[in-house]
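**Q** If you read the protein sequences in the order shown, they are chains A and B.
All letters in the first sequence, in the order written, are residues 1 to 284 by my numbering.
All letters in the second sequence, in the order written, are residues 1 to 206 by my numbering.
Just to be clear, a hint being listed does not mean it is correct.
[Claimed, not checked] Covered stretches of chain B, going by a simulated chain A footprint (3 or more residues, C-beta under 8 angstroms):
1) 147-159
2) 164-176
3) 185-192
Think of the hints as simulated: they come from the structure by calculation, not from any bench.
We put the beta carbon where it would ideally sit given N, CA and C, even for glycine.
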Amino acid sequence: MSTAKRVGGVVTVAVACIGTLAFAQTKKDFKYVLGQQASVTINNEYGPIFVKPSGTNQMLVTAILQSDKVEVDETKNGDRVQLKTHLLPGATPANRSVEYQVQVPGNANVTIHSNNGPLHAEQLQGDVTVEGDSAPVDVREISHAHVHVNTLNGPITLTNIRFGHVEVNSIGGDITMVSVTGPLVAVTSTTGKITYNGDFGIGGDYKMSTHTGNIEALVPAEASVDVTARSVRGEVENDFPLRPKSHTTFLPQKGRSFVGTAGQAASSVLLRTFSGKILLKKNQ
Amino acid sequence: MTCSEFQDILPDMLDSEAKGEHAAHLKSCLKCSDLVSDLRAISEGAKLLCEADEPSPRIWANIQRTLEAEGLIRTPSQPGGVLIPPRRHWTRWTWATAIAAVLALVAVLAYHNRSTRNTGVNEAHNVSAVVPSGATDVDDEQLLADMSPGTRSVYEQNLRSVNASIQEAQATLQQDPDNDEAQRFLQDAYHQKAMVYELAMDRSMQ
Numbered sequence: 001m002s003t004a005k006r007v008g009g010v011v012t013v014a015v016a017c018i019g020t021l022a023f024a025q026t027k028k029d030f031k032y033v034l035g036q037q038a039s040v041t042i043n044n045e046y047g048p049i050f051v052k053p054s055g056t057n058q059m060l061v062t063a064i065l066q067s068d069k070v071e072v073d074e075t076k077n078g079d080r081v082q083l084k085t086h087l088l089p090g091a092t093p094a095n096r097s098v099e100y101q102v103q104v105p106g107n108a109n110v111t112i113h114s115n116n117g118p119l120h121a122e123q124l125q126g127d128v129t130v131e132g133d134s135a136p137v138d139v140r141e142i143s144h145a146h147v148h149v150n151t152l153n154g155p156i157t158l159t160n161i162r163f164g165h166v167e168v169n170s171i172g173g174d175i176t177m178v179s180v181t182g183p184l185v186a187v188t189s190t191t192g193k194i195t196y197n198g199d200f201g202i203g204g205d206y207k208m209s210t211h212t213g214n215i216e217a218l219v220p221a222e223a224s225v226d227v228t229a230r231s232v233r234g235e236v237e238n239d240f241p242l243r244p245k246s247h248t249t250f251l252p253q254k255g256r257s258f259v260g261t262a263g264q265a266a267s268s269v270l271l272r273t274f275s276g277k278i279l280l281k282k283n284q
Numbered sequence: 001m002t003c004s005e006f007q008d009i010l011p012d013m014l015d016s017e018a019k020g021e022h023a024a025h026l027k028s029c030l031k032c033s034d035l036v037s038d039l040r041a042i043s044e045g046a047k048l049l050c051e052a053d054e055p056s057p058r059i060w061a062n063i064q065r066t067l068e069a070e071g072l073i074r075t076p077s078q079p080g081g082v083l084i085p086p087r088r089h090w091t092r093w094t095w096a097t098a099i100a101a102v103l104a105l106v107a108v109l110a111y112h113n114r115s116t117r118n119t120g121v122n123e124a125h126n127v128s129a130v131v132p133s134g135a136t137d138v139d140d141e142q143l144l145a146d147m148s149p150g151t152r153s154v155y156e157q158n159l160r161s162v163n164a165s166i167q168e169a170q171a172t173l174q175q176d177p178d179n180d181e182a183q184r185f186l187q188d189a190y191h192q193k194a195m196v197y198e199l200a201m202d203r204s205m206q
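Can you build the whole structure from these sequences, using the hints too?
**A** Okay, here's the thing in structure tokens:
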């Protein structure tokens with residue numbers, strides 16, 4: 001290999017290294033000691049947030065900054081911690097993302113926000129509030145807490161939420177729930193599809209509504225429910241053995257609505273769509 | 001004069017011309033000169049922003065028309081309208097807060113009114129004349145105006161979806177004023193629209 005080629009190779013490698021350094025990720029760690037029922041808020045304009053329990057009274061955060069065009073602002077007042085991504089001049093879609101990996105005391109109340117996400121929270125016992133525009137949201141293994149989720153068109157998945165006070169709103173994102181139970185589960189969408197797979201618990205109030213989307217509920221035969229399903233212009237279909245009710249607040253219309261109970265009718269289930277389709281199926 | 005000494009008196013001289021040794025330092029120091037230039041530009045921009053973000057009477061008139069069309073308020077006997085507030089400076093998103101609150105109020109009142117009376121429903125659904133199905137209205141455009149193209153696209157698409165759902169529920173109610181499900185869906189649609197505004201506000205406050 002000629003000297004000129006060697007020099008050329010070295011220069012190429014050097015330039016590549018410099019380029020890499022210019023957009024090099026940096027990692028920042030934050031650590032806090034928090035009391036009971038601490039409040040944690042993370043606003044990350046672009047990029048994912050993952051939250052799970054620390055198992056201690058410590059909050060541990062690893063923020064992976066895509067470039068030096070973003071930074072993390074932190075505020076701690078008492079047991080309230082706020083972290084916020086701050087875009088600096090020169091930030092572009094290619095270099096403005098930050099990834100947060102967060103561990104919080106299990107009973108901390110957590111609020112996370114990202115425009116594009118994804119957003120993930122798991123195994124928490126405090127209240128969880130999640131907001132995103134198009135961010136996919138995944139919340140799982142939460143018990144005895146409020147779970148509030150709002151997105152524009154980000155899809156939402158809730159898994160194993162026990163004894164929760166659950167309120168979910170999305171304009172266009174599909175909403176999928178697996179084993180979600182609690183005294184209140186209220187889910188609203190405008191165009192998204194709502195899917196529920198679970199037994200509706202014991203004694204809860206379940207309201208699912210979508211304007212143009214479909215609703216599909218997959219329920220085990222032993223479920224204890226009082227079901228009302230109505231579609232204004234769409235259709236309903238029932239594949240679940242329900243006992244007819246003698247008294248209803250409206251006159252059921254074949255193909256557009258049905259009512260009925262199963263088991264002890266412990267949980268109230270209201271399924272509503274304006275022009276979509278409702279399907280209630282027995283889980284084999 | 002050092003940069004540090006100059007920056008100590010900087011706030012006092014932003015709105016006036018530099019004189020004497022301050023002017024001499026500005027001429028000799030590019031760093032301080034750029035700083036003064038930037039601060040003055042920000043100051044001027046902020047003044048314009050305050051003016052631009054004050055909601056126009058047109059927005060209030062639009063809200064008022066919507067509430068009147070829904071039959072939730074009566075036409076005012078005095079000129080100026082019941083909703084036109086006294087002039088004051090609004091922060092950047094105060095108007096959006098107000099609109100979100102009004103949308104939520106419309107949702108609640110729409111349901112309450114229709115639950116307690118069965119008359120006058122036909123005139124309560126004229127908003128479709130203002131906003132064609134799936135389009136954005138004046139308030140929406142104001143909300144979208146300051147957004148980056150990517151964000152605007154997401155919000156516009158979702159506002160169109162919500163507006164279409166409002167229109168659809170209203171159209172059904174025009175044909176069947178006693179349709180309680182359509183009434184609930186109209187209420188839901190207004191709540192959904194309020195949520196879009198709230199998300200936009202939260203985003204702006206970050």
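**Q** Indicate, hint by hint, whether the structure satisfies it.
**A** Each hint, compared with the structure:
no. : hint    : in the structure
1   : 147-159 : holds (count 6)
2   : 164-176 : holds (count 4)
3   : 185-192 : holds (count 5)
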